[in-house]
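J.: Sequence order for the protein chains is G and E.
First residue of the first sequence? That's 0 in numbering that gives the first Met the number 0, and the numbers climb one at a time after it.
First residue of the second sequence? That's 0 in numbering that gives the first Met the number 0, and the numbers climb one at a time after it.
The set of hints was computed from the structure by calculation and includes no laboratory data.
Since the structure is predicted, the reported quantities are computational estimates derived from the model, not experimental observations.
Mixed in with the good hints, there may be bad ones.
[As the list claims (entries may be wrong)] With a Cα cut of at most 16 Å, we get these calculated EDC-like pairs of lysine to aspartate or glutamate: (1) K7(G) - D275(E); (2) K400(G) - E53(E); (3) K14(G) - E93(E); (4) K225(E) - D275(E); (5) K152(E) - E53(E); (6) K10(G) - E1(E).
[Unchecked claim] Here are some, though not all, of the chain E residues that point toward chain G, as calculated from beta-carbon distances under 8 Å: (7) K46; (8) L52; (9) T55; (10) R73; (11) D82; (12) F83; (13) Y86; (14) L98; (15) K106; (16) S107; (17) N173; (18) C176.
[As the list claims (entries may be wrong)] Pulled a few chain G residues facing chain E out of the computed Cβ check, cut under 8 Å: (19) M0; (20) A3; (21) L4; (22) Q11; (23) K14; (24) V238; (25) Q240; (26) M242; (27) S244; (28) P246; (29) A247; (30) G249; (31) R396; (32) R399; (33) K400.
Note that CB positions come from ideal geometry on N, CA and C, so glycine has one too.
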Amino acid sequence: MFGALFFKECKQVLKSLVYFIYVVVFVLFITSQMSGDSAVRLQAPEPGQSYYGTTVAKDETLIMEGTLANLVEDINHNSWVTYPLGFYKGVTLTDRETEQAKAILERCTGKPFEVLLEEMAGHFGQYDQSSAEEMDAAQANYRVSVKEGFTYAEFEAAMKEICGLVGKGSAYEKSSYEYGIRIPMTYELAKEEFDALCEKDRVTRAYMRLFCDYAGIVLAILPIFVGVSRALWDRRAKVQQVMFSKPASGARIIVSRYLANLVMLCIPVFVTAFLLQQPFCYKAQTFGIRGDGMAFLTVPGVWLLPEIMVVLALSFLITELTDTIVAVFVQVAWAIGSIFGADVLVGDFRMRLIARWNTLGQTTLFSSLEKGFLQNRAYYFLLAVVCIILTVIVYERKRRKGGSLVWKNTER
Amino acid sequence: MEISIEIQNLTKYYGKKQALSEVNLTIPQGMFGLLGPNGAGKTTLMKVLTTLLEKTGGGVKICGVPVENSRQIRNMTGYLPQDFSMYGNMSAYEALDYLAVLSGMSKSERKERVPQMLEKVNLLEKRKTKVKSMSGGMKRRLGIAQAIIHDPKVIIVDEPTAGLDPEERVRFRNLLCEIAKDRIVLLSTHIVGDIEATCENIAVLNQGKICFDGRVAELLALVEGKVYSAEIAAVELEKVKEKYMVTGILTTGSTANVKIIADEKPFPQAKPVQPDVEDAYMYLMHTE
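Take the sequences, apply the hints, and build the full model.
T.: Here is the structure:
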């Protein structure tokens, strides 16, 4: 019975306009974001290149120098970017606050702000301003050294003061600067990264992480509409009463319906991933290795499945509970908060719904963060299971209350 | 196993509002009519019997099984709700097959029963018609098909003929009588004609209370010798309506033929006539 119900639900999803829109929007979004020539640009590093890309700084001195360099630029422009509650907010400091920020900077560097400005101009002047690659290198190489004897603890205290001036969600939060300071890679480091990409990731897995980064954004939102639409369908079609009167248990009805929607939501994701990974399978061959042909299943399976599961399950739960489309507003707000709330675009996992990895490679960094990532995904997987159990409970409760959790005095 | 529904002191509250009050009823095998005005509590009673509402007090047993055993009750009941519908994008066959799955039927059982049921309700030729394209009558017939697909002992139909044209209504009543041969069909309606044409046993529910429970003949006996027909001047009509319970008026020019319920002969020219269920029902409603 469960299998028959599951397949009938799949068929129902296929006939739905909302699902059709989901497929179109997902495919358009992904194909527009995933650069077609990524595979072509992926090359083994050669000695003597002027720029090898960047990596996240782990050294405390480098973190301090990079953060202070950002601070010089932000004070200079007096344009501070923050994401309180996950939403973008531009901040402009008053003259008095700017003076306070300059004083903090001077305390960290031991140099007056004007001197730091001159040093900044001198640094950027060394690079060719017309070349994007040169400018990337100039930005990555820009550093402001700390005062002698200045400790990391003092630096942390100083950055807290900056956060006090500009508000929450700035680049001066500890979680932000510890993962957000990028330094240029040397040839040796670039080679090490490339080797890890080939050996550990077998190329395709790294590309699938980038795929998951983009897909994760859109999958935090689109399944809400599919879930809400399905959960409201019974009421709209006036089939609730007849469904409730049937012997099938609430668990069977809800779980089959949920799994059918989940499977149907996943199909375009895996198909798109499969198609997009093909150039990278070929690219891996040119590096003399065999790409992981199953990466399109394994990486999105771990990365995206818990996200789709929780988004869909929560939309089922809220809609079953309220019989309204309120889930759309609640969950879209949550998704937007998660998108803009990320302190960095690579590796800010914590408890974020959307796990960001907006880079191709950085295999060693991912390995160091993998445990936290897996904990994050396990959390959302379990949350989805809890939501579905609660949905079944709500459904059964409604079944015994005439279809609504609220008494209707007019019903006779 | 005896096929019957036993209702004892059934009470149902919506918050502080009482919808059913101390309802006692025994429903035997065959067609049973539940009559009552809109808002009498008929739908509430139907929903309690089909486990869609929890009772506040009292006891209900269907074929000896307490209504609290919802799974068992759902297996032995079929329900056609007042506003039955199905997903508009499904065909008649798909809709029935879907509901048969929810009734726990295997693939082979469905393959046999679904066409049978469609044929029974005269929808086999329309098996590919989408639910959204069906007329009200076709939807009700599909509703009956889904209610009997798992061969339940009890079928509960709530206001099944409301909104149907006369031909569809007659066809639907006949269908109900056919399926009531070896089971209980509980027909809830406010249309007296439906009961009169199909049921031997009836109960009348008013303001949440049973005000009559018995055979149709017993209901008719309540107004035996109290129904009169008289020809009066049309201008006197208002006066007569104020004084007596008028259950029928046929105006022809300046005269009107009225049907009156009265304990004694209302005027000399009035002639006693044979009462029908509608007269008895009206009498009951006004004397309650």
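J.: Could you run down the list of hints and mark each one as holding or not?
T.: Here is how each hint holds up against the structure:
no., hint, result
1, K7(G) - D275(E), "49 Å, violated"
2, K400(G) - E53(E), "7 Å, holds"
3, K14(G) - E93(E), "13 Å, holds"
4, K225(E) - D275(E), "11 Å, holds"
5, K152(E) - E53(E), "21 Å, violated"
6, K10(G) - E1(E), "41 Å, violated"
7, K46, "6 Å, holds"
8, L52, "5 Å, holds"
9, T55, "12 Å, violated"
10, R73, "4 Å, holds"
11, D82, "5 Å, holds"
12, F83, "6 Å, holds"
13, Y86, "5 Å, holds"
14, L98, "7 Å, holds"
15, K106, "7 Å, holds"
16, S107, "12 Å, violated"
17, N173, "23 Å, violated"
18, C176, "22 Å, violated"
19, M0, "6 Å, holds"
20, A3, "5 Å, holds"
21, L4, "5 Å, holds"
22, Q11, "7 Å, holds"
23, K14, "5 Å, holds"
24, V238, "6 Å, holds"
25, Q240, "4 Å, holds"
26, M242, "7 Å, holds"
27, S244, "4 Å, holds"
28, P246, "4 Å, holds"
29, A247, "4 Å, holds"
30, G249, "11 Å, violated"
31, R396, "10 Å, violated"
32, R399, "5 Å, holds"
33, K400, "7 Å, holds"
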